[in-house]
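Engineer: Chains A and B are the protein sequences, given in the same order.
Its first residue numbered 1, the first sequence is counted upward by one per residue in this note's numbering.
Its first residue numbered 1, the second sequence is counted upward by one per residue in this note's numbering.
The hints are simulated quantities; they were obtained by calculation from the structure and are not laboratory data.
None of these values were measured; they are calculated from a predicted model.
The C-beta atom is built at its ideal place from N, Cα and C for all residues, glycine as well.
Check before you lean on any hint, since a few could be wrong.
Only some residues are given here: those of chain B computed to face chain A with a beta carbon under 7 Å [to be verified]:
{"hint": "1", "residue": "L78"}
{"hint": "2", "residue": "E198"}
{"hint": "3", "residue": "K222"}
{"hint": "4", "residue": "G231"}
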Amino acid sequence: MDAPCQFNPRETRPMDRIPILKLGDALLVTIQVDMHDRLAMALEEDLTTRIVEPGAKGVLIDISALEIVDSFIGRTLANIAMIAKLLDADTVVVGMRPAVAITLVELGLSLPGVRTALNAERGMAMIKRRLDDAAMVPADEDEGGS
Amino acid sequence: MAKPASRLPVILAESAKLILADWLATLKATPDARLPATELETQCDSIVTRLAQACRDGNVSSVGAASFATLRDILTELSRTRALQGFSPVETATFILSLKQPLFARLRAVYSAEPERLATEMLTVSELIDALGLFMMETYQRAREEVIIRQQAEISELSTPVVKLWQGILALPLIGTLDSARTQVAMENLLDSIVRYEADIAIIDITGVPTVDTLVAQHLLKTVAAARLMGADCIISGIRPQIAQTMVHLGVELNVVSKANLSDAFALALRRLGKTVVNHGRPVPVQPT
Numbered sequence: 001m002d003a004p005c006q007f008n009p010r011e012t013r014p015m016d017r018i019p020i021l022k023l024g025d026a027l028l029v030t031i032q033v034d035m036h037d038r039l040a041m042a043l044e045e046d047l048t049t050r051i052v053e054p055g056a057k058g059v060l061i062d063i064s065a066l067e068i069v070d071s072f073i074g075r076t077l078a079n080i081a082m083i084a085k086l087l088d089a090d091t092v093v094v095g096m097r098p099a100v101a102i103t104l105v106e107l108g109l110s111l112p113g114v115r116t117a118l119n120a121e122r123g124m125a126m127i128k129r130r131l132d133d134a135a136m137v138p139a140d141e142d143e144g145g146s
Numbered sequence: 001m002a003k004p005a006s007r008l009p010v011i012l013a014e015s016a017k018l019i020l021a022d023w024l025a026t027l028k029a030t031p032d033a034r035l036p037a038t039e040l041e042t043q044c045d046s047i048v049t050r051l052a053q054a055c056r057d058g059n060v061s062s063v064g065a066a067s068f069a070t071l072r073d074i075l076t077e078l079s080r081t082r083a084l085q086g087f088s089p090v091e092t093a094t095f096i097l098s099l100k101q102p103l104f105a106r107l108r109a110v111y112s113a114e115p116e117r118l119a120t121e122m123l124t125v126s127e128l129i130d131a132l133g134l135f136m137m138e139t140y141q142r143a144r145e146e147v148i149i150r151q152q153a154e155i156s157e158l159s160t161p162v163v164k165l166w167q168g169i170l171a172l173p174l175i176g177t178l179d180s181a182r183t184q185v186a187m188e189n190l191l192d193s194i195v196r197y198e199a200d201i202a203i204i205d206i207t208g209v210p211t212v213d214t215l216v217a218q219h220l221l222k223t224v225a226a227a228r229l230m231g232a233d234c235i236i237s238g239i240r241p242q243i244a245q246t247m248v249h250l251g252v253e254l255n256v257v258s259k260a261n262l263s264d265a266f267a268l269a270l271r272r273l274g275k276t277v278v279n280h281g282r283p284v285p286v287q288p289t
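Please model the entire structure based on the sequences and the hints provided.
Structural biologist: Right under this line is the structure:
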């Protein structure tokens, strides 16, 4: 946790950001490159803003192309999930490779707050189910709804 | 006082035939079905010949020397094959140690007039044969260990199959003691299969695991955690009553869904996938093939 905290916009090249797509009430993040610390932190920041600003109820992070993971990336994923939960959005991490799963477990990062699914399709179905459930709640039971 | 040089090389060279005949007679007194007489004769012949050569070329009392290399090779090969044939350590050692008798008999005949020389020579021969015996035992042991290591590898490969029970349901029946290496293989197998079969639920059946201690529990939990990270749920089944007791007494906590047997776990898995088993009341007879 040292230098990567400071972001200089002039230094930011296109590959320094991971695109975040909006799909209805959900945000879709597909990580297609190997994550480095700066990229992970940029993602955390971008995602947080995007959940709040247009308003999202679910976040799907596809890491099927992620081959190398370290404790920092693992922690960032857990952080993103926790932040999203605070902002009332569900995070689903999908497509984790076996080797990555083993590495994370060996590192002691079993991501307790994060929901997981086998592939993007199932993850999307998971988020949809949650949104449908939320929509089914009658208005009179909705406490503190603004 | 300078020790007089051992005359063993000379004796061996002169009466190799006699010694060989004596030795074979001793060995044949207790015949073994695993060892045909002709094979035994060739083995003994080559050993006596190489021993005579080795003693002639080098120091009698240093089995590790270069002059003994060919003899060592023969003994290595011998003890290796005997280990694989299932000879006991005693049988293997007795084979080479029984060479003492004919050698002592020759020494006694040669030194009948010099009891002191006889004692020294006997000691030399005894040490030499003992060293050869120890060498044989060591190779025998090594061969046995190799067999054990190979079998362990085979067992760990054979004993971690992942079976598909239903569309989206996998089972990993674990059999035998779980150590780190085996759990690693099992975990990798399971996770790869989850990807391959797109499974939602994996049942880890530990009916065949004899003991569950804290370490094994930790391995299981790691597997469960890794599967969960990939988006699959795990159910543990087949914890036997004694094991359940031991686990509680040890303070081992498995915070996962567990069922008493595989069928209960399978039923739960089907229910979670929204499937039910119905009895349609019409048993289908088995068609004769």
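Engineer: State for each hint whether it applies.
Structural biologist: Against the structure, the hints come out as follows:
1. L78: 45 Å, violated
2. E198: 6 Å, holds
3. K222: 5 Å, holds
4. G231: 4 Å, holds
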